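A.B. asks: The hints should help you fit chain W onto chain X, whose structure is shown.
In the order they appear, the protein sequences are chains X and W.
Note that the numbering used here has the first sequence beginning at 25, numbered continuously upward.
Note that the numbering used here has the second sequence beginning at 21, numbered continuously upward.
Don't take every hint at face value.
[To be verified] With a Cα cut of at most 20 Å, we get these calculated PhoX-like pairs of lysine-lysine: (1) LYS237(W) to LYS116(W); (2) LYS249(W) to LYS34(X); (3) LYS34(X) to LYS75(X); (4) LYS116(W) to LYS143(X); (5) LYS249(W) to LYS237(W); (6) LYS125(X) to LYS156(X).
[To be verified] Reference excerpt, derived from the structure (chain W facing chain X, CB under 7 Å, subset only): (7) GLY149; (8) SER153; (9) ALA158; (10) MET165; (11) LYS240; (12) LEU242; (13) ARG246; (14) VAL266; (15) PRO268; (16) ASP269.
FYI, nobody ran anything at the bench for these hints, they're computed from the structure.
Source: prediction; values computed, not measured.
Backbone N, C-alpha and C fix where the C-beta goes; we use that ideal spot for every residue, glycine too.
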Amino acid sequence: MALPVVDYLKLPENGDPFLEGHKCSNCGAIFLGERKVCSSCFSRNTLEAVKLNNTGKLYSYSIVFRSFPGIDVPYISAIVDLDGGGTIKGNLIDVEPDPEKIKFDMPVEIIFDDALGRKDADGNSYISFFFKPIS
Amino acid sequence: MSDVFVLGVDMIKFGRFPDRTVPDLGAEAALLALDDAGLNIDDMEAFYCGNLGQANAMVGQRILQEIGQTGIPVVNCSNACATGATAFREAWTSIKAGLYDVVLAVGVEQMGSGLLGGAGAGKGIPKEGLLGSGTMPAVFAEAGMEHARNYGTTFEQFAKISVKNHHHSTMNPKARYQIETPLDEVMNAEMISYPNTKLMCSVNVDGAAAAILVSEKKAKELGMARAVKVRASVLTSDPYQERDLVMPDVNSCTRKAAKEAYEMAGLGADDIDLVELHDCFATAEMLHYENLGLCGDGEAGKMIDEGEVELGGRVPVNVSGGLLSKGHPLGATGIANIYEVCTHLRGEAGERQVENARIGMTHVIGLGSACGIHILEKA
Chain X
25 MALPVVDYLK LPENGDPFLE GHKCSNCGAI FLGERKVCSS CFSRNTLEAV KLNNTGKLYS
85 YSIVFRSFPG IDVPYISAIV DLDGGGTIKG NLIDVEPDPE KIKFDMPVEI IFDDALGRKD
145 ADGNSYISFF FKPIS
Chain W
21 MSDVFVLGVD MIKFGRFPDR TVPDLGAEAA LLALDDAGLN IDDMEAFYCG NLGQANAMVG
81 QRILQEIGQT GIPVVNCSNA CATGATAFRE AWTSIKAGLY DVVLAVGVEQ MGSGLLGGAG
141 AGKGIPKEGL LGSGTMPAVF AEAGMEHARN YGTTFEQFAK ISVKNHHHST MNPKARYQIE
201 TPLDEVMNAE MISYPNTKLM CSVNVDGAAA AILVSEKKAK ELGMARAVKV RASVLTSDPY
261 QERDLVMPDV NSCTRKAAKE AYEMAGLGAD DIDLVELHDC FATAEMLHYE NLGLCGDGEA
321 GKMIDEGEVE LGGRVPVNVS GGLLSKGHPL GATGIANIYE VCTHLRGEAG ERQVENARIG
381 MTHVIGLGSA CGIHILEKA
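The following block holds chain X by itself, in its conformation from the complex (with noise of 0.2 Å):
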């Protein structure tokens, strides 16, 4: 079975993939992972874990023509403002690597899917995230 490629990103058995985030009850702060004090307001035992959306808009990005030996270039790293809060980075997809064709505040929407059949030492497929215009 595919593992997820971050701890934030849930596989639950019965239902779809998501993203999680964990929410500050105090200053509303949303934060990936687990943590026991809040970062921004410094208040303990206020986190709780929340479903972040699937949808977003495009705040920033680059277009990596040369990244570590081995790695697939052109790639776009992209910043994103998930609706309903959360700010996730990942690789924005079905879009031509060409600032003309990427705007800002672009929404997208996220896709799970087969983390570009990368394995660990032990043979393990995982799944990743990525972004996709939603036209």
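C.D. replies: Same frame as chain X, now just chain W:
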């Protein structure tokens, strides 16, 4: 509390020295700075040493093994690209605290090749190129594109910063490169991470720089003729920002440090005659014109378009050639930029001298993040 003065400061010419060692490069810079101050290693009461690549390997003590084992306290610091500024600031702090009157600070680095940044392996599978990019050119490209998003900043404007800094470096014999690099060459160079081409990325080099800091009492005793007063020394970490987890923040820690530095110095941005700031990528320099208050928000593009940050302009930035052409040996950078500003305040910068420079600022960012700012004044 005593005022603190830089009495000696120097750097080695940045370059590639594969046959030399980190302590060897640091020792050379330390000796240059000691000579500049007219002092010897046995005059030093403490030593703060900045290095990143061998942070667990007692670099400071190994430098003393090359230039004199006097038994003084040695503190080895690492703080990403703010490492050198952190070592300098720890030296400043120790004099401020009244512990010492004469202290040595060294920053030194030997660099590898290729892209910096986390490959992001951790557990499981590599995340690079899967969850975006963690390479430094991409991370700083994303920070620059945030500026483009807010103010319409263009690829060409970012590229002009690199043209300027490469031009400045033609007048700096200690820079890695002294090569004019016209706009078309910068824009047509290999694209690494849009909008940063290869010529808009800092140069990986080996380097070392050192400074001798003294108390006011000691400065008066030894002579003020070439002394430089430290008007402000500030270090910040990154305050919480909502996109922190995916977008390392170099802006808020710089703004906080600049505000505190101006307050400590009792000065404003208008008083600054030259700035050496952290142009690790051309996109980064653009952000810091505004972060340091050299112009209003949204005016950085105009600063580069109108030549205000060139030598001869309103507030020359990175007249040394900056990290883009002088080079960026991580742990050495924070003291090398102090050397540059001191050299102008002393009126010894030759062809690239900023005329009548009396007050200058240095700025570095260590991603993760740390920001170090110093304001220096001709004594």
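A.B. asks: Against this structure, judge whether each hint is valid.
C.D. replies: Hint-by-hint comparison with the structure:
no., hint, in the structure
1, LYS237(W) to LYS116(W), "12 Å, holds"
2, LYS249(W) to LYS34(X), "56 Å, violated"
3, LYS34(X) to LYS75(X), "9 Å, holds"
4, LYS116(W) to LYS143(X), "55 Å, violated"
5, LYS249(W) to LYS237(W), "13 Å, holds"
6, LYS125(X) to LYS156(X), "13 Å, holds"
7, GLY149, "4 Å, holds"
8, SER153, "4 Å, holds"
9, ALA158, "4 Å, holds"
10, MET165, "5 Å, holds"
11, LYS240, "45 Å, violated"
12, LEU242, "46 Å, violated"
13, ARG246, "44 Å, violated"
14, VAL266, "4 Å, holds"
15, PRO268, "11 Å, violated"
16, ASP269, "12 Å, violated"
When the structure is compared with the earlier hints, violations turn up for hints 2, 4, 11, 12, 13, 15 and 16 and for no others.
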